[in-house]
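Here's the letter readout for the chains.
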Amino acid sequence: MRTMKDPAPSRLEYRMKRLMLRPSMRPFRRFGMPVIALATLVSLWAVDEGRRESAVAFLSELRNEVGERPELIVRMMIVEGASPELAASIRKSLSIEFPVSPFNLRLADLTEKVQALDAVAHASLQVRSRGVLVVEVDERVPVAVWRSDDSVVLLDKTGYRVATVPSRVSRPDLPLVAGLGADAAIPEVLQLYYVARPIRDRLRGFIRVGERRWDVVLDRGQSIKLPETQAVTALKKVVELDVAQDLLERDISVVDFRNSQRPVLRLGQTAIGTLHDG
Amino acid sequence: MMGDIYRNQRAMRAMRQTAMQRGVIAVLDVGTSKIACLILVLEENMDAANDEGIGNLAGQEKFRVIGAATTRSRGVEFGETMVLRETERAIRTAVQAAQKMAQCRVDHVMACASGGRPRSYGLAGQVQVEREIVTESDVAHVLASCDIPDYGADREILHAQPVNFVLDHRSGLTDPRNQIGQRLACDMHMLTADRAPIGNLVHCVRRCDLEMAGLAMSSYVSGISALVEDEQELGAACIDMGGGTTGISIFLKRHMIYADAVRLGGEHVTHDIAMGFKVPMNVAERIKTFHGGVVATGMDDRDMIEIDRESESWDGERRAVSRAELIGIMRPRVEEILEAVRERLDAAGFEHLPSQQIVLTGGASQVPGIDSLAARILGQQVRIGHPLRVRGLPQAVTGTAFSSAVGLSLLAAHPQDECWDFELPYDFRAARPLKRAVKWFRTNW
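Each protein sequence line maps, in turn, to chains A and B.
Each residue of the first sequence is one higher than the last, beginning at 1 in this note's numbering.
Each residue of the second sequence is one higher than the last, beginning at 1001 in this note's numbering.
Some clues are possibly wrong.
Taking lysine-lysine pairs in the DSS-like style, the calculated list, with each CA pair at most 27 Å apart, reads [to be verified]:
| # | chain 1 | residue 1 | chain 2 | residue 2 |
| --- | --- | --- | --- | --- |
| 1 | A | Lys157 | A | Lys237 |
| 2 | A | Lys17 | B | Lys1034 |
| 3 | A | Lys5 | B | Lys1439 |
Not the full set, but computed from the structure, chain A residues with beta-carbon under 7 Å of chain B [what the hints assert, rightly or not]:
| # | residue |
| --- | --- |
| 4 | Met4 |
| 5 | Pro7 |
| 6 | Tyr14 |
| 7 | Lys17 |
| 8 | Arg18 |
| 9 | Arg22 |
| 10 | Ala184 |
| 11 | Pro187 |
Facing chain B, from chain A, some residues (calculated, C-beta under 7 Å) [to be verified]:
| # | residue |
| --- | --- |
| 12 | Ala8 |
| 13 | Pro9 |
| 14 | Leu21 |
It should be emphasised that the hints constitute simulated quantities derived from the structure, not laboratory data.
Even glycine gets a Cβ: it sits at the ideal position worked out from N, Cα and C.
Modelling step: build the complete structure from the supplied sequences, incorporating the hints.
Put into structure tokens, the structure is as follows:
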């Protein structure tokens, strides 16, 4: 007759089983024990240094192999949303030699590099299918020319530097601003420039005075001094006066609107002479 | 005397209430041939309406079986634990397997024992109702007033259930509370068993780090699960034919009114076969379960059973017997068991009951043809009683052998009132210390 093993659990085993069935042991049974077992196996295996090194070597080789597959390798770059000059400068700054493995492209670093360019507002880089690196760029649009002491630069609508130009003549379509701190008030300049449409053919530029208010400079040495606040309204009044009564056609050197309650006109030399003679 | 059972049984009742609150309880049927363990989830507010087909039956909608295990019993003879260490190991096996199936730890156990020479007593008590309307304290008084006979120093009270209340000539009351009357009387059924086997069983369970939450007689609980409600109401006897003992319980008006046990069972049949055919016990057991029967027909002479398949040696000897021979061995023993049952039933006055229904259950009742044999010995109304269907019970444990385990789970979900469920009246509790103090004063001063 076959003798059977005693199916009864030992007292210790019985107690252990009951301990494991406690509700508080449930998370341990589900996560703790597998994790401990796995960690033990891995650490036992990794005790030997040679094994560790061979594993690292194997992994890096695998990485290279996968990166150089024809399906994955990056062959070209496309720049979207940038003018040809900007695209050229982006290519120059990135200076990637194609073909390149996608593992060797650090998109975050490259994006930073592209965004470091002045003319780029925002950039995003993607590796798309068929090995194309796409650089999508929001280019900054210059809206004003800022002449400072040593250079002439283009500013975008937030007052950020876009590019340096040799002289104001290279962008005659944009308004000229000058003075320290002019770049910080570009939105206001744009509004003033818009309001000044009727006198735009006489407009020379805007000067920021004391980093707080604007002077509008016209040809023939005329200028309009605007207040710190509500400059747009003040300029609007001046323009209306000019349209209605040809204010600026007369011999007036300065229209001083700094105090809008009490505007002052400074006459030109001829007008003063005429006044005295009369 | 009264105080002791109160204390023990109350402690077990407190454990049962703790288990109810926790919602998980195990039932353990320690029999002579097998140990069955069921783990139940008790759900007080389980919505019966969700389960179509199961209505408000005997309370089986209140729980669900989530774990079941059976193992071969060891160290148990005649339903009594003899070798504690072996029995403890068997209980551990069953409990651990059931816990594994349930994926849930269980701390409280209700157990049932089949041995211990149960004896039942009918007690009667009578008191005057204090204030017109019967209150709970009156019920406690009348239960306490039952004079408990001298049932022996080495015996333990297993059940003491009030079965009938009489209020001024109105008999058959199940709940006399809030009724108006003068004189309240009660009938109580008390069941005692030997202290040693019960204590051994409790000890084994304790050794398995489990708490006893109740103790019941197995013939009683198999009656709960094997008898249908009408039978319990009108009167019926449940014969739980186990491995080492055959339990008898008589029900009337939904209460057990008598219980007894015959120390004969299925293992004796196996013994006879082993001796008769000279085969090992396990082969005999196998022959009995596969080919056994008690009613021989002409065909059984030609039905040869190979019995040498697993026994060693004895080459050339006759190793096939006819089924008729097997029946010839089994039938006298089964008849003897049933005769013994008949004697006990006669002694209990079973023939005076309004209904004479007899329900056979237990593992030994699976012998084919036993119902017709029993009908000849015990009376015409005999049927085989399968245990009630309860939720979650695996198919493997729905047989007649598991009626006491199922009945115990029904009892766990719907406990029967026992006399210790009522508060012991004050005068009873106070009487003894006071008397003792007076006695001490008298003798010393």
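- Could you tell me which of the hints above the structure violates, numbers in ascending order? 3, 4, 10, 11
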